[in-house]
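Student: Residue numbers (the numbering used here), protein chains in the order written: chain U, 4 to 134; chain P, 178 to 346; chain X, 376 to 869; chain R, 760 to 900.
Keep in mind that the hints were calculated from the coordinates and are not lab data. Treat the numbers as computed from the prediction; the structure is a model and nothing was measured. A few of these clues could be false.
So these bits of chain X aren't anywhere near chain R, every CB distance computed over 12 Å [unchecked claim]:
no.: 1; residue: H381
no.: 2; residue: R401
no.: 3; residue: T433
no.: 4; residue: G439
no.: 5; residue: Q580
no.: 6; residue: F668
no.: 7; residue: V673
no.: 8; residue: G737
no.: 9; residue: W777
no.: 10; residue: L780
What the simulated footprint calls covered on chain R by chain X, stretch by stretch (three residues with Cβ under 8 Å from a Cβ of chain X suffice, anywhere in the stretch; the number is not a length) [stated by the list, open to error]:
no.: 11; stretch: 825-833
no.: 12; stretch: 836-850
no.: 13; stretch: 854-861
The beta-carbon is built from N, C-alpha and C at its ideal position, and this holds for glycine as well.
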Amino acid sequence: MTGLEKAMALGGHFTYFITIFLMIAGLFIVIARGNLIKKLVGLGIFQTSVYLLYIAPAKLVGGTAPILSDAFTVYSNPLPHVLILTAIVVGVATLALGLALVVRIREAYDSIEEDEILDLDAAAQPGVQEP
Amino acid sequence: MVLMVVTVWVIARSRNLFGVVILSGIYSFLMATVLVAMDAVDVAMTEASVGAGISTVLFLGALYLCKGEEARPMHKPWLPLGVSIAVGGLLVYGTLGLPEFSDPNAPIHQHVVPRYLNEMKKEVDVPNVVTAVLASYRGYDTLGETTVVFTAGAGVIALLRRRRKNRKP
Amino acid sequence: MSLASHLPALQVVIPLIAAPLTVLLRRRNLAFAVVLAASWVALAIAVLLWLQVAEGGTISYAIGSWPPPWGIEYRVDRLSAFVLVLVSGIAAIVLPYSRASIEAEVPPQQHYLFYTMFALCLTGLLGITITGDAFNIFVFLEVSSLSTYVLIALGRDRRALLASYQYLIMGTIGATFIVIGIGLLYLMTGTLNLADMGRRIAMVQGTRPVLAALAFLTVGISLKLALFPLHQWLPNAYTYAPSAVTAFLAATATKVAVYVLLRFYYSVFGGSQVFEQLPMQEMLLLLALAGMFAASTVAIFQTDLKRLFAYSSVAQIGYIMLGLSFDSQSGLTATIVHLFNHGVTKGAIFMLLGGVALKMGGTSLARVQGLGQRMPWTSLGIVVCGLSLIGVPGTVGFVSKWYLLLAAFEKGQWWLVFLIVASSLLAVAYVWRFVEAAYLREPRADTAGVGEAPWSMRLPTAVLVVATLYFGLNTAFTVGSASNAAALLMGGLG
Amino acid sequence: MRNDLVLRVIAKLLIPFILLFALYVQFHGDFGPGGGFQAGVILAVAVIFYALIYGHVDARKVVPEPLVESMMALGVLIYAGVGVAGLLLGGNYLDYFVLDPNPVQGQHRGIFWVEVGVATTVSGVMLKVFYMFARRGGGDE
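Chain U extracted, bound-state conformation:
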């Protein structure tokens, strides 16, 4: 049992609280920050924190990674691992798309600050609308 495992076992719900802190921080960055790239960083943190929520309960103290072998009998639960693998992939796909959008927005507006862009739009009303 490693030190980290002990700490986690002692803490009981400790991992959940860390998870929740990370989540609050991530969500806060997403909603509060006006910078489009920073928002995506926050979104990443928000999503990553959820991984812990799935993975932590899957751990069995004294268990090993779910790769079958004759030497071990207790394995951690593999199903959440699978789900989170999928979630990570989905996360990076979203990120790639989000960044591509940011690049396009930057080209169209010359800014990646949400407030500035909204101002620009307000100033450009109603002229741009009609081609």
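Here the structure of chain U is known, so what remains is to put chains P, X and R in place on it, guided by the hints.
Tutor: For chains P, X and R alone, kept in the frame of chain U given last:
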């Protein structure tokens, strides 16, 4: 894990986007370490390669095309703070009722999974259970996942391909 | 094993295979042909499935031959079969229309990718509807969401980019909430299969994680379906997306989100449980009413028709949720019927507006002055659909309102009856704004010589407009399916 | 940076190993951690590495864009195709048991092809996304 908390705190405070991106890479590495400690080796490997590798490259690529400083926020962020804390509070409320950490009698260890661990040897016979579940038992999820990646790829092409006629400014 | 027994898998797989094919082919005509064929086949399959379900009851299909809950199950019951018909039907109608429409709105190199994204979006929506597995819902939700973001960003106006970005942020937060909710449920029940979850949840009913899961799922899905205070992404997205995309999304995307909500409430949490343990009923009722009135009021003051009807969508979602909040069979019937009816009506409206945008060069109220002279048929179509939004007898809107009123009578809530009628008056007001501009104003000089949209756009649109009237008079299919589905849900059967 | 001889030589030496590692991760996924997704990422990283050293114009000569775009689509088709093969051989969709007279062998075969599909799409998409971003920067990075 405490290091992760610190990293995130700095990310939230910092306004230098370059620093933020590098820090988020470090954050991913820390996350991967924690995941290894939790026996999720496959996930850790993916998180390290995706979070610290691909995402950072993508962020840097995007930053290269944009500017690197974040503007000072215009208004006090009380509302977002309130929303985030409310969500966190709800989750605290929820997690307090969850089974204790590493409780072998928790439903997730009792239902569904035993078959993966016990029967898989004669049904699929692949030592890495994660691979077996990923590619076979829940193979359809993985097909969906591949489709998501494909969607993102095609989407990026659609967004970033140079046009002959540029869009109106 | 005959082909018929594999229909559930083919329903999703055929559009899924069509998408990469379009990228390989790269020619927009070929891409169009492939996706068109796929969407029509999908419609045929949906109809066949609907018939199978009507005869033989719920179909369960084990993907990979792994029995549920170990593998992923596809589950077609009366509700999902009904929604499948709606989604694939709208896709099959919008697709031929999109060809001429995107010609004008999307740069040519992007055309084949437009069809790719359309196929993927269809795949995602069908996948969400048909699956019986909680995590699979999330995966296909992301397929449809990511493709939706791209489709919106293809719009011509640069504001489409920001609209898409905002939707991406909101949508991802919503999806992550859904993942948290599913995670909590999984931790408490140990399964991901919805039906299995519904059975096992009885043991842990009322515990804190389950309640939290309920809250997270409700908020997450509400973000997706644009329930009133969480609707901010919708008006921009609908306004700046290409017309064909708006028509497709308005008719299907939010509807599928409602379906997911119903699925979780009734198949997993077990209907009345939801309403007993938390003040959900009051909350939904309040939000639904707030949405109906606030959004309709905002709609009245819009100067752009696409935006006006986008707000009207938010209001109509209010009606849909209102039906749900009754938690009674007639309330649910109203919800499900309105799901279909509003999908048809809104799809038709946005398709008509696409024609207007193409010919008149915009959809602002100032531009469409005198539309009644320039494009008489299109104009008439919008009026018919507008009447349906108001709920005039003879249109589908009336049918939904009728069942909603019945549900309110049943509960003896007279004041609700009054409020429903009052909110319809607001709809009269915003539809009148269009009528005023189209018929009572002289056309602008710069729109002289403008005629109707090309046939390839008018014909599919006409189908939907006629459907708005047809299903308003002949309710056997819609109400029949909806009340069956509602009975199924209230019975607590997955 | 591109003219730095040391970097170029090191890159030349390293890239084959990265590619080899990708293959190892791909086919060893049954026994240890790893699988199609990770292998795809590593494969893409190898090429991105090459592009960073030699410039993405050169990289595009080695791995041309139409190829990358086809890879994206082919991967999904391979995966979906395995499912259809299951259908044609009389099983349910994505049924691997019927892929071989010996059901367990069929599972192995199914997993193998599915992982190939995943790796193909993932590496294709990662590379394509990288190219897209690099190209937007205009000229060379």
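Student: Return the numbers of the hints above that this structure violates; sort them in rising order.
Tutor: 1, 2 and 4
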